[in-house]
Amino acid sequence: MSKLTRFIILLITIGISVVFLTPSIQWYFFLPQADKDLLKMSQDQLDVQSFNVRKRATEVKNIRKGAISLGLDLQGGVNLTMQINEESLTNLLLEKYDFDTNKLATDYKTEYANAADRSLEVLKNRMDQFGVAEPLIRKTFEGRISVELPGLSNPQQIMEAVSKAGRLEFKIVDEKTMKRLEALNVPTDREGWIISRQNVPTNFILPDSSEWDSCWQNDEFGIPKLKGWLILFKKVELDGTMINSARADNDQFGGHVIDFTMTSEGADIFDEVTAQNVRNRLAILLDDKVKSAPVINSEISGGSGQISGDFTMEEAVFLQNVLKAGSLPVKMDIVQQRVIGSSLGEDSINDMVKAGLIGAAFVIFFMIFYYRASGFFSIISLLFTLLYVLALTASVPGTTLTLSSIAGLFLTVGIAVDANVIIYERMREELRRSRTYRHALENGFLHARPTILDSNVTTLIAGFALYAFGQGSIKGFGLTLCIGILANIFSALFITRLIYDWILDTFKVKQISV
Amino acid sequence: METNNIKGTIDVTPEKASEHQTRIFGINIQTVIPFISYRWFTLFGISAIVIISGFTMYFMKGGFPLGIDFKGGIKVDVRVNNPDVNIKDVRKIFTDAKMEADVNTVGNASDRQYMITLPIISSQNANDEVQMVTTSLGSKYGSDNIIVKSSEKVDARIGQDFGMKAFYLILISAGLILVYVIFRFDLFYGAGAIGALFHDVLFMLSCTLLLNIPIDLTIVAAILTIIGYSTNDTIVVFDRIRELHALNKDGDYEAIIDRSITQTLSRTIITSLTVFLVVLAIFLWGGVVMKNFALLLLIGVIDGTYSSIFIAAPITYMLRKSMDKNLKGSKANLKKASAAQSVKS
Numbered sequence: 000m001s002k003l004t005r006f007i008i009l010l011i012t013i014g015i016s017v018v019f020l021t022p023s024i025q026w027y028f029f030l031p032q033a034d035k036d037l038l039k040m041s042q043d044q045l046d047v048q049s050f051n052v053r054k055r056a057t058e059v060k061n062i063r064k065g066a067i068s069l070g071l072d073l074q075g076g077v078n079l080t081m082q083i084n085e086e087s088l089t090n091l092l093l094e095k096y097d098f099d100t101n102k103l104a105t106d107y108k109t110e111y112a113n114a115a116d117r118s119l120e121v122l123k124n125r126m127d128q129f130g131v132a133e134p135l136i137r138k139t140f141e142g143r144i145s146v147e148l149p150g151l152s153n154p155q156q157i158m159e160a161v162s163k164a165g166r167l168e169f170k171i172v173d174e175k176t177m178k179r180l181e182a183l184n185v186p187t188d189r190e191g192w193i194i195s196r197q198n199v200p201t202n203f204i205l206p207d208s209s210e211w212d213s214c215w216q217n218d219e220f221g222i223p224k225l226k227g228w229l230i231l232f233k234k235v236e237l238d239g240t241m242i243n244s245a246r247a248d249n250d251q252f253g254g255h256v257i258d259f260t261m262t263s264e265g266a267d268i269f270d271e272v273t274a275q276n277v278r279n280r281l282a283i284l285l286d287d288k289v290k291s292a293p294v295i296n297s298e299i300s301g302g303s304g305q306i307s308g309d310f311t312m313e314e315a316v317f318l319q320n321v322l323k324a325g326s327l328p329v330k331m332d333i334v335q336q337r338v339i340g341s342s343l344g345e346d347s348i349n350d351m352v353k354a355g356l357i358g359a360a361f362v363i364f365f366m367i368f369y370y371r372a373s374g375f376f377s378i379i380s381l382l383f384t385l386l387y388v389l390a391l392t393a394s395v396p397g398t399t400l401t402l403s404s405i406a407g408l409f410l411t412v413g414i415a416v417d418a419n420v421i422i423y424e425r426m427r428e429e430l431r432r433s434r435t436y437r438h439a440l441e442n443g444f445l446h447a448r449p450t451i452l453d454s455n456v457t458t459l460i461a462g463f464a465l466y467a468f469g470q471g472s473i474k475g476f477g478l479t480l481c482i483g484i485l486a487n488i489f490s491a492l493f494i495t496r497l498i499y500d501w502i503l504d505t506f507k508v509k510q511i512s513v
Numbered sequence: 000m001e002t003n004n005i006k007g008t009i010d011v012t013p014e015k016a017s018e019h020q021t022r023i024f025g026i027n028i029q030t031v032i033p034f035i036s037y038r039w040f041t042l043f044g045i046s047a048i049v050i051i052s053g054f055t056m057y058f059m060k061g062g063f064p065l066g067i068d069f070k071g072g073i074k075v076d077v078r079v080n081n082p083d084v085n086i087k088d089v090r091k092i093f094t095d096a097k098m099e100a101d102v103n104t105v106g107n108a109s110d111r112q113y114m115i116t117l118p119i120i121s122s123q124n125a126n127d128e129v130q131m132v133t134t135s136l137g138s139k140y141g142s143d144n145i146i147v148k149s150s151e152k153v154d155a156r157i158g159q160d161f162g163m164k165a166f167y168l169i170l171i172s173a174g175l176i177l178v179y180v181i182f183r184f185d186l187f188y189g190a191g192a193i194g195a196l197f198h199d200v201l202f203m204l205s206c207t208l209l210l211n212i213p214i215d216l217t218i219v220a221a222i223l224t225i226i227g228y229s230t231n232d233t234i235v236v237f238d239r240i241r242e243l244h245a246l247n248k249d250g251d252y253e254a255i256i257d258r259s260i261t262q263t264l265s266r267t268i269i270t271s272l273t274v275f276l277v278v279l280a281i282f283l284w285g286g287v288v289m290k291n292f293a294l295l296l297l298i299g300v301i302d303g304t305y306s307s308i309f310i311a312a313p314i315t316y317m318l319r320k321s322m323d324k325n326l327k328g329s330k331a332n333l334k335k336a337s338a339a340q341s342v343k344s
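In the order they appear, the protein sequences are chains A and B. Going left to right, the first sequence walks through residues 0 to 513 as numbering that gives the first Met the number 0 numbers them. Going left to right, the second sequence walks through residues 0 to 344 as numbering that gives the first Met the number 0 numbers them.
Isolated chain B (complex conformation) (with noise of 0.2 Å):
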């Protein structure tokens, strides 16, 4: 390399003024934001309201909103080419035919498509709740007016196993993970990782109760994909505490995390912006089979943003403050101090 020469090396010349400098959009900011201090507001404010709405979401609904990979299930994908078809009427065919049926336009209501759920109504003949909805929709619109775009049949059997493999699945990316964090950064900073990364599932799973989104198997790909951007996140964050606490052992540990914050806040806010602005073409334009994919996607960016800032950084400060006896001015450390006075004494 011709540039051998110049080696890389930690600069630890005298900070100069400008080196406080953040600038984000061509804004300079000149001070450190206190992130850290506004903890109690963002852990137990902010996230707590909406788990909690989300708790209480769950237990007045009996549950998630599960899709037919879970619960077992119909789900017909139809087209109606007939003008005069409208989603009222089609609701009213089902209910008169007394079949469960839940019936939601897709895409735009001039699509005149539908999408049909119903519960199992016959395990032998796997294709005979299509036929009753082809049939009972086209003694109304013309059978030759009926084009089935998709279906799918889910047996409650297999249902429930995917659900238990989703769990499985999302337990144990958060198991490799953590070991990760551990190994390449220490406890405290895995404790915050794997806070943030509980707090995102919770805060989706929420959001999915909120907006009635029912759970399936692409939804729980979306947060699989948000744990781990949210990690992403969440690192780029850790690496700038680890790096700025190695050179300043002594220094304040709070201060430390509030300028780590607000260095790496301008690449935090780019990053998620040119994520979201692509999720955001997917929701608007990715076509009706990802629409609620995108959805909980363009929630999950914002979120995992949210959680790397608000929630790792203050779980691990806090922790470390408490017991890692090894940082000046933490709570253990006072104590091993003080307990070495009393000996001394």
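Chain A with its partners taken away, still in its complex shape (with noise of 0.2 Å):
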């Protein structure tokens, strides 16, 4: 490769760290507080207020899309690992399957896991609440579900509403008042839910005994997110106990449908509540939250019913998990809990900052006074190794630093000179017995890249171990571990290589201190 190439490529990785950075750089040294504080507002807070702060909440939500998020032990706030209720559940299902224990020891394991999946969508539902900008969930092993709720330090008001069992409703939709909406212009969405209701006139009048509920979707990451609103009346029809079963299942037209079944106080209630209202939609709500409405076509009497519509797969599945969960609420147990308050976090992240710093001034000061010119030149590539972490660490869509990982970025810095000291020992090796200082260069490159390449890939296994097999604080550390180790390889043989060839060439310097 020629020199230019080799700046041109040098180019292009700086400009690609800057452009994953800059989203970091303006959320954490430029945007104002009250930019930040847009996100902790719910969706159907956001909804109702003007073009212009939703336009800025959406720019604000991209910025921090991009930027590097801190860990819970960085900024405070609480974490939560939550366990279905073996009990509640056992006894559940022991009712369901009239006391048949060989039907439940058979059934258990996959009741489980659906329970665990249940309980995933009841949860990810009612993230919201809690003004957090950015509420983390997601499962763990066996079943369990992590929650992280950065910012927040009373951990008693997340328990008691996470740890309630999901509430499944129906109400009937008010389609006349919904009709008067559609008169008025108010545009809707193909399900027939109102977009937004910055578009409804202000001076409509809801009925008494209507109310505005929001419905919600899942997106393709499985996160609710707002879709429309409709109008409900506010007398609850059923709830979730009625129900007895629901499966999600193909219809003869390859579409996806949802047979569910009521309990027998449930088919007589629900045989007169569709008697009443053929034509008009179901609504289906989860702890207060539309997730589908659908017509009903006729009176159905004898209790089982069927859902159909344009579903996918995982819709209809969603749906089946959100009836389940009316019909089979399970408890959660908290089994961890981790509340770190900001001024820990604060603390360590000034620690840590100041540990680092004094770490990597060490290490600048042994290279250049042990390898000179080069020394200088290995400090340089350090830095380059440091750039690449941040930017690569800011591309990895979910990665947050946390203070292990730190540790992790700075451990890389003292491993990152290691490199640069196989490449320089061995230069000054064959310094001993070449004749030129090119050859001895040469050979000190060629031979140390070996050595370089096969050396770090075992560490960068293990990083791999940490980051694959790993979990919470540990999984982070391993990211960053094998990220260095990644930034470092390219540091020491691209970039110090081309300082050499650079310095040497353009300075018509005959030989750099090693």
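None of these hints come from the bench; they were simulated from the model. Please note that a few of the clues may not be correct.
Said to hold, decoys possible - Here are a few chain B residues that face chain A, going by a calculated C-beta distance under 7 Å:
1. R38
2. T41
3. E99
4. K152
5. L168
6. I269
To be verified - With a straight-line Cα cutoff of 20 Å, these simulated SDA-like cross-link-like pairs (lysine to any residue) come out:
7. K290/B <-> I348/A
8. K87/B <-> G106/B
9. K353/A <-> F275/B
10. K164/B <-> E141/A
None of these values were measured; they are calculated from a predicted model. Glycine included, each C-beta is placed from N, C-alpha and C at the ideal position.
Both chains are sitting in their own frames, so use the hints and assemble them into the complex.
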């Protein structure tokens, strides 16, 4: 490769790094607090704000998405791990199976996994009520669910909110009032949901018996997103306990449907409600959020029905889970709880940065003292390593910087010079037997390369194992370690070499102290 | 590249006298240090002593000191804004309340910050124990003066799973590293690398026992980091052994290893030193949360360097010496030769 090509490659890598880092710099150094607070609003709160506010909120959200986020141990917050209360699940299932313990034993594993999925839906549905910009919720191993709520410190309130079972209700859509809105040319979407309450005229008066309810659907990542609004009668027609079973299925046209059955009590009420509301919509609400509102085509007697529509399999399974959440309201236990005060987080960042800078100063001083000019080059390549590490960290979505990953980062600084040390020591050896400096330089890099690659790949393996099989802070640490190693190999073999060639050729220097 | 005309080649020119020299911090090391001949002393001396004392401690204490990550429990990091507070009184508060609390100072005593660890009392309400701690302290020092910096509660159910996960994590890493080393080098080097790796794990676990550091997830991360670091170090030495052995197939294997270690010694020392300095800075100034993590890394850096020279290389040497048929002077080779001879006669 010519030097020009190598310079261009260097510039491209710097350019890409800057692009990846821009949102982080914007977020942490330039964005006013007022803008950041926009993210704390829940989606239905935001919907009633003015157009400019909503536009700004979207912009801020995009910046946030691209920025490196800080882990709970650095910004403070609450982390809960929840697990299904097995006793409550067993009791519920026993009742359902008429105390057939054999059936319970055979089905328990699947039911447990299903219950975990349902609980996840229920929890996701509730996340926006905490006023937290970035709640993080995910399944961990063995059906456990981990919730991270940055910036909060009162676990009691959260625990109450997360540990209660999901509440499923059925309400009838107030079609008359909806028609009135339609007449006022308020836009609706494909589902017949009102797209935004912004479009509703201010003089529009809601009947006392009705209410606004928000409609939600999961996006491609399974996160509930506000899709529109419906006007429902306040009266709860049926609740989840009246559902007996629900199952997503294929219909004869290759579409997806949800079959459900009612308890005997539910069947009677359902019969009556459907008879009175043929051609009206029946809204299914989970914790006060509309998840679906199918049209009642005819009276449904006998207590079993089918919801059909233009569903994908995911949507059908999701609705099945919603319906089941009502019929099998399992309780969740909190098996792990961490609360980190924001002051501790601040202290930790300050301490860590201080320690890191002192450590880096040690290394810089030592390298320049020991290797002179070459030591200085290794510091430049070290700076590039840090730039790449930060940029790569920002580019991997969902990566959070935790205390241990910052420790991993500084450890990278220590290990980063290793590749340079291998090269320089080899060059010193080669210099002792070579006639020319150029020859020693070539041989030094040539023989150092396999050593650097082999030795780093093993560390990379350990880092990868941490990332792939570890969890929580260990995972982040592993990722930082891997990124650090990759950046490090590139910097040592590519950038250090480029500096050498550039200095030797441009300034006609015969040799550089090593 | 402007320098294309000078291709990097392996120098096979007759060795100059200066080639045997290794310079470390300006000191010329004229001779090759006979590392391999120290093997009995290092393998069965130093390492054995630490690991055996670790085992002894293990049986005396009835197991590892586990953090709440693994055994379950409650940990409350609390600051008491009252000049009269001292750790003895705090401990007394909990013994009087019949709570099995373990109280430790965090940072300087003047910070008045304490880490209180206690077993789970109620599994129903997740916040009960934290409340109990703050009210107990609050009744003596004033409830306004109690600031909970962080709290953590881990159910024993989840703790056991963490323990198994950590164990598998170490086995998986070891397995993957072994496969890579066998693939890039050969079985003998692989055995040496894995021997050193398990030495590192045992050595560090022994140190947690001797220093009474409770094992939690950060400690597992430290051990895994050292596994990576130490193997890295081992590979650099192996790489040189392989290179010199390839140049001199019939040479004395012991001398080759000694020469390789001596030649790479300056690199080994410098790298260890830079990593050590960074970890030392984290240990001294990195804050209380990282203290144990950094301490174990400090031990690990020294141990990792030591194990690549005194554990990995000797294991490879001994195994190859007794089993490698292709190595001149190895037992297997001698046997093969004598077998061939007996057939002839």
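field: Numbered hints the structure breaks, given as an ascending list
entry: Those not satisfied are hints 1, 2 and 3.
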